[in-house]
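*Asks:* Construct all of the structure, not just a fragment, from the sequences and the given hints.
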Amino acid sequence: MTAELHLLTLTQIAAGLRQSEFSALELTELLLRRIEASDQSLNAFITVTAEQAMQAAKRADAERVAGRGGVLNGLPLVHKDIFCTRDVLTSCGSHMLDNFVAPYDATVVERFANAGAVMLGKTNMDEFAMGSSNETSFFGPVRNPWDLERTPGGSSGGSSAAVAARLAPAATGTDTGGSIRQPAALTGTVGLKPTYGRVSRYGMIAFASSLDQAGVITRSAEDAALLLGVMAGFDARDSTCIDHPVPDYVAQLSGSLKGLRVGIVRQHFDAGLDANTALAVKAALDVLKAQGATLTEVDLPNLDLSVPTYYVVAPAECSSNLSRFDGVRFGHRAADPKDLFDLYCRSRGEGFGAEVKRRIMTGTYVLSAGYYDAYYLKAQQVRQLIAEDFRKAFSEVDVIAGPTAPTPAFRLGDKTDDPITMYLNDIYTIGANLAGLPAISTPCGFADGLPVGLHLVGPHWGEAAVLRCAHQYQLQTDWHLACPEAFR
Amino acid sequence: MNRNWQVVIGLEIHTQLATRSKIFSGASTSYGAAPNTQACLVDLGYPGVLPVLNGEVVRMACKFGLAVNASIARRSVFARKNYFYPDLPKGYQISQYELPIVEHGELFIQDDDGNEKRIGITRAHLEEDAGKSIHEGLDQYSGIDLNRAGTPLLEIVSEPDLRSAKEAVAYMRKIHSIVRYLGISDGNMQEGSFRCDANVSVRPRGQQVLGTRTELKNLNSFRFVEKAINYEVQRQIELIEDGGSVRQETRLYDADKDETRSMRSKEEANDYRYFPDPDLLPVEIEPAVVEQLRASLPELPGAKKQRFVREYELKNDDADILTASRALADYFEAAVASSSAQAQAVANWVLGDLSAALNRDSLDIGDSKIPASELAGLVDRIADSTISGKIAKEVFEAMWAGEGSADAVIASRGLQQITDDSAIEAVVDAVIAANPSQVAEYRSGKDKLFGFFVGKVMQQTGGKANPGQVNAILKARLGK
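Just so you know, the sequences run in chain order A and B.
In terms of numbering that gives the first Met the number 0, the first sequence opens at residue 0 and continues consecutively.
In terms of numbering that gives the first Met the number 0, the second sequence opens at residue 0 and continues consecutively.
These are calculated hints, taken from the structure and not from any lab test.
Mixed in with the good hints there might be a few duds.
[Stated by the list, open to error] Which residues of chain B face chain A? A few of them, derived with a C-beta cut under 10 Å, are:
1. L43
2. P50
3. K89
4. Y91
5. I143
6. L145
7. L280
All residues carry an ideal CB built from backbone N, CA and C; glycine is no exception.
*Replies:* Put into structure tokens, the structure is as follows:
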């Protein structure tokens, strides 16, 4: 049994701990050994918090023995290095913050810790979450456990790789344009992005505030439901976090898909989609149909505008959000500045990587006097149109299904010289961010030996609907159980 | 100020709102703490932190809007004003830009000719203050104190309706008075809680088009506002008359040298890249809330002044001064309430000896050493002729020094006025008997000597004889 602990889902681990089949410490030590062993090949972690993890596991075991402990007591997980964790390096994948030890815990981190979860470490990511391949990380790219020459996706690539390689049963991530769902699709894991405002952004280092949302990468929809129930809910420290009741997501997983109205967007299956990916997704839709769901075509007429809209709004917000990294109070500071201007220019010039600079410059441009109306304001108007398209679609269907990413994992280095092609990787996921909708990616097969993700989008506060759909699908399929050979 | 030129001034007044905590964080706003001890992670702009609006500032801004007859926006929006400066931790200031909370207000001042004049208030918006850069005493470094960062400000922008430095000061005083009446700001100018920028331009009289303006920064006293504007107006007129032209720029007033000097030109100005702050929701205010706030407003200076003139029959100017500060007006009303004398007599004492004593000891009216009821006691003793106005000054000083009430001082010092005719007649007779030559001179027509006799009588009675009676008896006894 013990040798197989790393293959268990959170739900299975919780059951095992309850029945004292193993201890949290035993499990934690096993996973820490696996993380250490994989470090060379995957580069999924920026920081491993072994000592704290073992302390936390011991506390969890004591609580368990005493018959106490929260709903996640003793369950191991890892945090994307964008979440502030007290007394632990919080780098955001950047040289700018490679010396930044956060003085406080993000709300998400705090809620998981209070529920008894054991943090194993902080995962690698694209710098400030800007990227779709994890190649913009100052700490080097993460490798895909299914093929070490390929990307695990991004920006939550460390999280997706860690979960896929069975280094941790679950990871947090953040999703601004697809940064949870695309890496989940590319690594054969489950990635959930909740409704904007469902989860507090406090302590999550901001990329694009109106789009950023915290979520999770797991190996089952059931685990995602379990974690969402803990992380969701009102937080007075985030004005955009909405006071909306948190249902029992796990309880709502059951119930057949009979009568579920599934919307299909025709443009999703146009030329841009890889043929074998399309086959896997279509097969998944057939499974849903066989389970009693009805498939209807829906129209999202402004969908083609979502990528350009996103690449105005997100850089605009990031150009302002990243102004605080000026070398004055924290983070990288240039040596021997000759004056204030030099301090700013060199601290930021040295601290930020090329992709971050590109987006800061784009964002600065679109907000400038004389360009604001043509770019930023126009993009906000288009964003309203896109949200309206989804609203209309959800008057006819319960979820919208399609591919998560246009291709399976691509080779590292393949797209680094071509930002536009890289940006197009998020073409199916960005709409949910612009409209603030919940969405999930669940494994639905393989294309050329690489995992493919099925993307399910729900209406506002429709987390339960997409989770149930994914869970019911997982009851009929075993794609989510597939484990990369080298990490069994 | 100049026959050929018309001066055009608009003011931007920054009022610090008197909340206990900051506009977007829970840190304290109290003044004077050790550097960086009142700045939390939000004020420091740490990675991951978020602003949360302090609801009290919204109520305060609404109260101000209602007090100046402005419209309160049902929906206003916070925006980011982006620029780099070390004392601006986030690299942007959260302010309101396109949709401010207060718009289209007005207030009335007396213009240079003494007529009532309407000054338009364009808008008032909420924003956070920046921190402070410290350039002295740190060798080649600059220090940053972020205690002030995140302090709530209400920026009140006037229309360019002001036509002289004096009008500008009158307007600023009115605003100062209103914010203190409302209790939304302590108005403390030394601590920077009330400061202003002035936009100043001149144009030939009769010309419609406005002249090029300069912006004078950070004027933190009424006196500096007046001096800086006067200097700047003169500078602009001379510049144009000498064939030059005014450059649009920001200028700093140097109080030590009494001059303004260029800080940065229009070309050097920042592009602030304003956009709605995605971390904050729009501020929505229900009309019912506005009505509640309207009902909670205290009587404001303008209304109070009119009431003082009507109810107490005060002189216009006296009512104006008494109502400039709510505390002073309250003191006056308390004194009137416990006095049987005429209200104007009470006003004379409040604005005269009492104000002088407060100024001398640098005290606020709230710290007066003579409570209102005791000042009333003093005025009553004059009214009922117990003491003369002159003796009353001595009694006042004794009261100020802590010797007790007017009655106590009069009794202990024996200052009660002599009003007994026979007692005064005796002194008068003695004075006449002792000064025969002066009596002869007076009787032969030297009228001026009357004062000599009054002085002698007063001298001999220790100033306590009732002056009216002394006059009457002397006149009768000296004959003519």
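*Asks:* Hints first: check each against the structure and report whether it holds.
*Replies:* Taking the hints in turn, this is what the structure says about them:
| no. | hint | in the structure |
| --- | --- | --- |
| 1 | L43 | holds, 6 Å |
| 2 | P50 | holds, 7 Å |
| 3 | K89 | holds, 5 Å |
| 4 | Y91 | holds, 6 Å |
| 5 | I143 | holds, 7 Å |
| 6 | L145 | holds, 9 Å |
| 7 | L280 | holds, 6 Å |
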